[in-house]
Amino acid sequence: MRPTDLLRTSAFRLTLVYLAVLAVFAFAGFRYLYSESLEALQFESRQTVAAELEGLAEHYRQFGPRQLRAIIDRRVDFENRSLYLLVDRWGRKAAGNLGAWPETVRDSGRWHDFHYRRAHDDEAPHRHTARAYVADLPGGFRLLVGHDIGEEVALKRRIVVFGAAAGGLILLAGLAGGLLVSRDLRRRVEAVDETGRRIMEDGDLSRRVQVTGRGDEFDDLATSVNRMLARIELLMNELREVTDNVAHDLRRPLARLHARLEDVLRGPAKAGAYRDALERTVAEVRELMDTFNTLLAIARAESGPASPVPVDLAGLAEDLVELHAPSAAERGIELEFGNDGRAPEIEGQPELLAQALSNLIDNAVKYTPEGGRVSVTVGSSGVAVADSGPGIAPEDRERVLERFVRLDPSRHLPGNGLGLALAAAAARRHNARLVLADTTPGRQPPGLKASLEFTTPGAEAA
Amino acid sequence: MLDILIVEDESETAAYTAKGLREEGHRVETAGNGRDGLEIALEGGFDVLVVDRMLPGLDGLTLVRKLRAAGDRTPVLFLTALGSVGNRVKGLDAGGDDYLAKPFAFAELRARIEALARRRAPSAAETDIAIGDLEIHRLDRRVYRAGKPLPVPLKPKEFRLLEVLAEHAGRVVTRTMLLEQVWDIRFDPGTNVIDAQISRLRAKIDKGFDRPLLHTVRGVGYRLAPD
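Chains as they are written, first to last, in my numbering: chain H, 2 to 463; chain Z, 1425 to 1651.
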């Protein structure tokens, strides 16, 4: 990661914005404090000068210039922060500790800040700063009374230096902190980014984002991303499997179709033969389409978006029994319906469940020999379809739920080997299980009992 | 004869379908994209519109929404490669009247087009329907043959089955149409299921009468008609 990259991160930009706002407020506060304290200092020095000037002017009015000169000389001796200069009408110095009238001070009756040199230390290069007021006295005398404000100036400078240093430090610390925080954030985000980029490069969905274990929001994000990746990986694998199966399963009928059509073409051009071949072809194509549709239904059951609605399992089962009853009766099979009124309350996709249950009933009717019985029973665990057919051996029960698996005894019957796979997928979608068992264990034939068993939240806790 | 507009971008499917429908004696126009389709449909005069869901320019859903917004109530049959429940619901919400998943059998399409066109006829709303000497009283759910009640009364679903066949009297109703309209089922429930249901209904309404009313149309479906 280059430093310039860091400057572009949103965390760093936020830091800058934050620092800017902070700086504006800090500066405004500093300005306020600065001018308030200056005001106070200025007020104090002016008070002193004004009081002294008042006293001296009063003295002059009462006792005249000679006395004023005397008092100024006395004060000069022990007062080194105050400045005095009394000049006569010709501008000649009469008394005071200032060597000459300062150049910048001209008007009477107002305040002046000026630099000066003391009368005693003419040689010293030292410059002092003073604040003074000038009063015109009767008889042409002008009196300047001032106060050294060196301390005030020094304080002012110290405040500014301190303020600038503190501000600078805060900004530096802020910037450094911002950089550190953005580097850390950037690193955490980059872990996710990097995983995403690698997956895009090589398509390896088994990669995962590292979870630091700190349990913070980035760990949450990483966990979410990882779960999403796991789900995508699973779906991709299933999709690949389905695609393989479809390709495999469709190759056989397509080859048969192809062979038959070629055979007809090689033979004599007889309309009757053509017609037969075409009719069988259309029928087979229809079957292929059905296989496709069922595969799609399974894929959707496993991964499609869901907006569950309440399902009336008993009503649904009863309707399906009624639907299948005539075709069962035609085969001499008695199709019964039982409902103990304790059907679990479930939510899901009624159409998918109906298709699953319909497949179970159709299978039962199909594999039960004439004169047999099929019963559909709704109970507290779900719905069971039990037949008096040959049953499925325990070792085959798992396998038979896979796509396209047909057990040898059923190969001569119509079907695509997807019925139970669809029922199993529908069950998984509803957090249910498709359980295969014997209807009458220990007897021959054992029969098959296929149940959709739902785990309701209450039952799970028990 | 019906005036039919097919809006379908797959030209071969459109051509075969149009040819088949013309051979049935219908007048067919085709449009290869949504914008043209909407323009032609808005000119009016069609009995049924056959609209593909996925179209270049303007998709089928939007086309039908715009058509409905313009006040056109011509029945619409959506064709689609997207056969899932959610997609069907979207199609019907947009103002479609029926939904057929691709690939479809031509006979299925034809039966549905004719059913849609007939649905505009007021007979569907009639309370009593008579086909030959069969009378169906929809309000009290009674059925009479040759002036007498049926010897074995119909169960509710059987009555509904007869009702749907009667609503389309004289026309072929396919197995999938029956499954949808009688049982609200959109999957193949298994071998022989509808045929057996029809046999049972036939036994109740036709048995013992010289002229059967419920006919099987081989490979397509069933037809309720006096001939």
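Hints are not guaranteed to be accurate.
Unchecked claim - Short, incomplete list of chain H residues facing chain Z, as computed with Cβ under 10 Å:
#	residue
1	Leu235
2	Asn294
3	Thr295
4	Ser328
5	Ala329
What the hints assert, rightly or not - Here chain Z is said to cover these stretches of chain H; the calculated rule only asks that three of the stretch's residues, wherever they fall, bring their Cβ under 8 Å from a Cβ of chain Z:
#	region
6	149-157
7	280-293
8	318-324
9	350-360
Claimed, not checked - Label-pair ranges, simulated between beta-carbon atoms:
#	chain 1	residue 1	chain 2	residue 2	range
10	Z	Val1513	H	Arg407	31 to 37 Å
11	H	Ala248	Z	Ala1439	43 to 49 Å
12	Z	Asp1427	H	Asp205	34 to 40 Å
13	Z	Gly1643	H	Arg407	49 to 55 Å
14	Z	Gly1449	H	Arg252	55 to 61 Å
15	H	Arg198	Z	Asp1619	38 to 44 Å
16	Z	Ala1494	H	Val182	55 to 61 Å
17	H	Phe405	Z	Val1513	29 to 35 Å
18	H	Leu408	Z	Gly1643	43 to 49 Å
19	Z	Asp1427	H	Ser207	56 to 62 Å
Derived from the structure by calculation, the hints contain no laboratory data.
We put the CB at the ideal spot given by N, CA and C, even for glycine.
Right, here's what the structure says about each hint:
no. : hint                             : result
1   : Leu235                           : violated, 20 Å
2   : Asn294                           : holds, 7 Å
3   : Thr295                           : holds, 8 Å
4   : Ser328                           : holds, 4 Å
5   : Ala329                           : holds, 8 Å
6   : 149-157                          : violated (count 0)
7   : 280-293                          : holds (count 3)
8   : 318-324                          : holds (count 4)
9   : 350-360                          : holds (count 6)
10  : Z:Val1513 - H:Arg407: 31 to 37 Å : holds, 34 Å
11  : H:Ala248 - Z:Ala1439: 43 to 49 Å : violated, 30 Å
12  : Z:Asp1427 - H:Asp205: 34 to 40 Å : violated, 57 Å
13  : Z:Gly1643 - H:Arg407: 49 to 55 Å : violated, 26 Å
14  : Z:Gly1449 - H:Arg252: 55 to 61 Å : violated, 41 Å
15  : H:Arg198 - Z:Asp1619: 38 to 44 Å : violated, 58 Å
16  : Z:Ala1494 - H:Val182: 55 to 61 Å : holds, 58 Å
17  : H:Phe405 - Z:Val1513: 29 to 35 Å : holds, 30 Å
18  : H:Leu408 - Z:Gly1643: 43 to 49 Å : violated, 31 Å
19  : Z:Asp1427 - H:Ser207: 56 to 62 Å : holds, 58 Å
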